[in-house]
Amino acid sequence: MKSPKAKLAEILKPVTFTALFAAAAGAQAIDAEKILAASDRARGGGLPGIEWMIVMQTVEPDFEEIRKMQVRALDNTSLATTVWPPRMSGSKLLQVGRNMWYAKPDLRKPISISSRQKLSGPAANGDIASTNYVLDYDPTLVGEETVNGEPAHVLDLVAKNKWVTYDRIRYWVSKQRKVALKAEFYTVSGKLFKTATFENDNEIVYQGERIPFVSKMIIRDEVKDGHYSVLEYSAVEAKALSPSQFHVSSLVN
Amino acid sequence: MLQRLISRPGAVALMAMALCLAYVTVAQGSNPDYDIPDIPEMAGAGLDSGSGWWPEDARLRLYGVLSVFDLGVAEAGPFNIGNFAGLPDRGREGELRPELQLPLNDCTANLKPRLRYTSQKINGQDDTETELFFNAAYLECRLGYAFELSAGRQSLQWGNGQYRSPSNPFFAETVLFNPVQEVLGKDFVTVSYRPNMDWGVTYIAHLDNSHVDPDRAGFERSHGIKFDWTGRWFSGGAIWSKRHDRPSRFGAYSTFTLSDALLVYGEGTTSRDAAGLLPLIDGNEVAMVPANDIDDRRRSTLLTGMSYTFAGGLTAYLEYLRSNEGFDDRQSEDWLTVARNAAANLNGPDAFTSAGILAAAIDPGWRQLRNDYLFVQLVQTEYRQKADLALRYVRNLDDDGYEISAAITVRLGDYAEWFFSGNRNYGGPETEFGRLNRYAFQTGFRIYAF
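In the order they appear, the protein sequences are chains A and B. Numbering of the first sequence is given in our numbering, commencing with residue 1 and proceeding in unit increments. Numbering of the second sequence is given in our numbering, commencing with residue 1 and proceeding in unit increments.
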């Protein structure tokens, strides 16, 4: 006959196991979130007052174009101003939370656009803004792999809602540098439609910490052969920016 | 035979569209080399960086617009009998548009002078005009972290209505569809308080209009207070405004981002201040009179809309506008009677008075003439990376007249664009859309120096 204490231990055994499992899973979720948040910072997400330039080259079999934009980001808001080519110079793209506006420099009113509206080539509007995957996706740590000789966490990101540009992302984050190395973008049906690779040779200083920052992003269209965009990041600088610069009314003129 | 089927302007328009389609649908080649080439140095990429005397962040831009236009003037109805409105039937325009944005410590000076040359034919007579004006000339200054002051000629716009912007007491027209026309700046002083990115409040004083603005006649100063709020998936605001000693006006607008593709939005306004004229038929008196003199009821307008972006990038807009600011059915009948009566007396003893009444009937000053409008628009940007395309349908649901418009912009390298916009009005010469012109098109080039 078992003692009451032993009986209680037997009853609690599955509960304890479940609790331990849940705690482990929770810890893993927290780890995945921490990894994702750190990698977001290297793409401008969650940082106060930062500015950089992007040169974006779009290449298709019969088409090639270069655009240059200045991007300013404050917390989870970003403003991209086109400076090249001249025919687009002065046009602005503002993202505040899920809201996105586009304005041309001819005193017309800014129009609300969806993140799905096309920018150029495989790059979506959401790709040039600062990245805040930790707010938009539920991450799960699914393994470890090596990308170009660099050990990386593999994260499975599932969209928290319908507001985001991509439904599911498989995301490789450097174990040591906590920067994105590679990404695969999937549709709801699980079809791979875009891939991206990252280089992280820029650097910013934030709260005394040197943070690597993305220097190059190559986005390939996996459905249309020969379609890709190259985004080069330069002049990355922490800067005091006022909230009024990120208000939609500042886009009009 | 072909001439019987299609008008000359129509043929030109079709040829232009065919050329455009031929350009954007050129056969795709192949590029077996998948290597990513180096991005070239951005020589001449704009004066966007410090270079000695030129301030960092200063921007200078210069472009010109050259175009020709053709208008199918409607002269059959009472409103434009014998082209009473003096509309040009064809012409050409050239406009230089330099733009300077110059940061000066905590302030930024913005200058957009315009030099416009127009040569047109009105009733067979040549008419040329050269205009020089500032479409924007204002200084904005940051006062501390949260306050901002701006003064000068500028544009203040908000809301997401494509067809109209009813919540805005200063700018009703959006001109979003017109590839040439700009919104004319007006003279404002504004003081804004924005403690963070979530909300802000702005005091606005509207002091004058540009001398080239047709709304300058009868202008009255106004002021207002606007509150804006931007949430994670919502943006909106409300504005209270008052024109001189007239009743106050209240407006509101909002946009909900429901998914990465779907937006739902609305804009509205309500006031007892009526800016328009109403027809008056009282015994022998047939006239257009200020609405507030005979009917001071509250007038409201509500625009509701949605946009959806398909996977390929095509965005569809659907808007419905309901208003009691324009004419109801009885007032519309009276309005037609006033116009017919004035048109019939243009050559009579009261010709001068009749001309005044007819001019007032042509433009009675309402933001929209009737009560119910349906608006559908399809927009495809970056079509084959070469063109932006738009198709628009607006129907006046009260008189069943409608307008179909198309606009195309085709890129010609980094420094130039070719554009075409055209519209065709249906419904006859006594409907809102058909009373002045049957069709219009404009085509030309935008050329950017830097």
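Hints in this document: simulated from the structure, not taken from any laboratory. This structure is a prediction, so every number in the text was calculated from the model and none was measured. Heads up, some of the hints might be wrong.
Here are the simulated lysine-lysine pairs, BS3-like style, with alpha carbons at most 30 Å apart [to be verified]:
1. Lys386(B) with Lys104(A)
2. Lys386(B) with Lys216(A)
3. Lys386(B) with Lys191(A)
4. Lys386(B) with Lys92(A)
5. Lys191(A) with Lys160(A)
6. Lys104(A) with Lys216(A)
7. Lys224(A) with Lys121(B)
8. Lys92(A) with Lys216(A)
9. Lys175(A) with Lys191(A)
Stretch-level coverage of chain A by chain B, calculated; a stretch enters the list once three of its residues show a Cβ under 8 Å from a Cβ in chain B [claimed, not checked]:
10. 76 to 88
11. 108 to 117
12. 150 to 156
13. 198 to 211
Where is the CB? At the ideal position from N, CA and C, for every residue including glycine.
Going through the hints against the structure:
no., hint, verdict
1, Lys386(B) with Lys104(A), "18 Å, holds"
2, Lys386(B) with Lys216(A), "25 Å, holds"
3, Lys386(B) with Lys191(A), "28 Å, holds"
4, Lys386(B) with Lys92(A), "19 Å, holds"
5, Lys191(A) with Lys160(A), "18 Å, holds"
6, Lys104(A) with Lys216(A), "27 Å, holds"
7, Lys224(A) with Lys121(B), "50 Å, violated"
8, Lys92(A) with Lys216(A), "22 Å, holds"
9, Lys175(A) with Lys191(A), "27 Å, holds"
10, 76 to 88, "holds (count 6)"
11, 108 to 117, "holds (count 10)"
12, 150 to 156, "violated (count 0)"
13, 198 to 211, "violated (count 0)"
Violated hints, listed in ascending order, are 7, 12 and 13; each of the other numbered hints is respected by the structure.
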